[in-house]
Amino acid sequence: MALQTLIYLVVGASFLLYISIAIASRANSTGDFYVAGKGVHPVANGMATAADWMSAASFISMAGLIAYLGYDGAVYLMGWTGGYVLLALLLAPYLRKFGKFTVPEFIGDRYYSQSARIVAVICLIFISFTYVAGQMRGVGIVFSRFLEVDVTTGLLIGMAVVFFYAVLGGMKGITYTQVAQYCVLIFAYTVPAVFIALQMTGNPIPQLAFGSTLVDSSTYLLDHLDELVTDLGFTAYTDGSKSTIDVFFITTALMVGTAGLPHVIVRFFTVPKVSDARRSAFWALAFIAILYTTAPAVGALARMNLIETVQTGPVGDPEGNLLFSERPDWFDTWAATGLIAFEDRNGDGRVQYYNDSDPAFAERAASYGWAGNELTVDPDILVLANPEIAGLPNWVIALVAAGGIAAALSTAAGLLLVISAAFSHDLLKSVFWKRISERGELLAGRCAAAVAVCLAGYLGYNPPGFVAQVVAFAFGLAAASLFPAILMGIFSKRMNREGAIAGMLTGLLFTLGYLIWFKGVIIEPMAADIPENWLFGISPEGIGALGMLLNFAVAFSVSAFTQPPPAPVQDMVESIRIPRGAKTARAH
Amino acid sequence: MTEKPESPKDPSIRPDHSDYWRANLRLVLRCLAIWFLVSYGCGILFVDFFNQFRIGGFPLGFWFAQQGSILVFLVLIAYYARAMSRLDRAFDVDEE
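Protein chains in written order, with our numbering: chain C, 1094 to 1681; chain G, 274 to 369.
Bound conformation, chain C alone (with noise of 0.2 Å):
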């Protein structure tokens, strides 16, 4: 069958399926809108959470990234696992305890104050809207490519098929979509891996390929593929370029942001009991690692199989690249989307990638006759591109497009029902029309989903970056505002109102200055974004650990003057400590 209509078939079959499950499972009640009634298996919710996770930034961009990244690409992988470990052990099972909705409400309660909340609301959206962004994006990329339609045709049915499930299926209906989704981005995912890893070392499982020799040779994988790309002018794969101050921070910020994403602590408000929410986290971990140890092998992978595409002989050998007319057809079904391109600056009609950014290489590269870099591949497509790459059949190419737009469609939704939830639970009904009834909330929530689905829509066709790295910003922000307020509202009993605000706010607004610093989403950008220029040599991705130690600072100075909180609200900190008595949400 022709690859196109597979596609069509594939996708199309997915759809159908989200759809209806989505119906199937639709919500009736605002706790089944919000929660999903409390009432989700730890092994369901875990692979849930997973595919709400796991966006289009991890399917799309990461392999992508860390192929280009090499070591570094290490920030992600141990900051978008790492925080996993925080979440069980420091925020789930008490919020869970706390058995409400949302994550602005238990800063509210916690902090005895509508102001908190509403602050705590501004962080959600701050963050949410971030990172929905990076998902619509994500969306549109896989649209333009596999469906052949123009990225705004593709952004507009990515926004229906999510508000259709989003909007109706609230928590419950995501959920359950979510379980099947994760089915098949997993799918997705680790064939063309298997497949790839057994072609180049002849061992199937990707995490071994990894580190194994290579076929018909006694070299290893990441020995060969330092040496190819060192002979480039790049720097060894197994080395960073990255500072080491550098390095800790982004993975600090991933990973405490990972902790502090209202989306994902959110799944851990549905299931049943508090010690569910413990072993959930587990399985959330679990499904996630699979995708996750897989990424850094088909990262290499990936980046060996193109430079051995482009660099077909010994370098500076002028025969030794690849011809453009002999270029394999991915070269151009990839150059229409505009995410690969050429350009034959020395005129010998072959190309040449290389690092022509490293002064003493671009000068050895000058004495072949070399005119800089004449290839440039953004780190958005190698996933994608990769089954075209390695040459692996049609019907995988396919599945690889289910996979993305399942990746970014799941997560989209995990994002717009807490979107919608802050406004509809946390500023509505709590601030603006508190007599509003169960069915009006509803409504309001569901409408709120759909605003926030036009205005997400919009934001991916405007995009401030690219995907992995607006994504990134969303964690920043969630790092150094939402998680250091939570995390003092259950391990300490005095931290009061006034110190949380002041934290949550120095928190939010040093991290958003610095990010609209360096890269102006709004205006230009103040200053270049160049190591030199940065505050202790932190990039703007790892700024959001700074915040949150700047956050930590001010909410214990200025709580250490001021009230300590009420007796009631210690005593909720108490029994928020303790799991019996979790109620589920059916018992009344």
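Do not rely on the hints blindly, as some may be mistaken.
[Said to hold, decoys possible] Computed spacing ranges between beta-carbons, pair by pair:
| no. | chain 1 | residue 1 | chain 2 | residue 2 | range |
| --- | --- | --- | --- | --- | --- |
| 1 | G | Trp294 | C | Asn1487 | 57 to 63 Å |
| 2 | G | Asp365 | C | Gln1663 | 20 to 26 Å |
| 3 | G | Leu302 | C | Gly1406 | 55 to 61 Å |
| 4 | C | Ser1208 | G | Phe319 | 41 to 47 Å |
| 5 | G | Phe326 | C | Thr1337 | 17 to 23 Å |
| 6 | C | Ser1530 | G | Leu310 | 51 to 57 Å |
Simulated from the structure, these hints should not be mistaken for laboratory data.
Note that the Cβ used here is the ideal one computed from N, Cα and C, for glycine as well.
On the provided structure of chain C, position chain G as indicated by the hints.
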């Protein structure tokens, strides 16, 4: 929602859970120490030292950074969930 506060109003009849909480904190700190050592220690701060050793084709520090730490995280959460369930039962604060 109509949920009522869990703890009784009169503090004199409230059971004392401070031993349970201290035991929990000790467990959490132990787990976090391992979490820190594996990821930040082996994978970032001392990565060059560990890279002198190899397992298969991996330099060890690189392996910890890209594979090992994730596996250790998983084991840690499993251990914590089990140990906490035991602790809940031992201090009689588990969910019936």
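Take the C-beta atom of Trp294/G and the C-beta atom of Asn1487/C, compute their distance, and say whether it sits inside 57 to 63 Å. holds, 58 Å
How does the Cβ-Cβ distance of Asp365/G and Gln1663/C compare with 20 to 26 Å: does it lie in that range? With Cβ atoms ~22 Å apart, the hint holds.
Can you let me know if the beta-carbon spacing of Phe326/G and Thr1337/C is within 17 to 23 Å? holds, 19 Å
Assessment of proposed distance window 55 to 61 Å (beta carbons of Leu302/G, Gly1406/C): holds, 57 Å
Range hint 51 to 57 Å: satisfied by the CB atoms of Ser1530/C and Leu310/G? holds, 53 Å
For the pair Ser1208/C and Phe319/G, does the Cβ-Cβ distance stay inside 41 to 47 Å? Holds, since Ser1208/C and Phe319/G (Cβ atoms, about 45 Å apart) stay within the stated range.
Of the numbered hints listed earlier, not one is contradicted by the structure.
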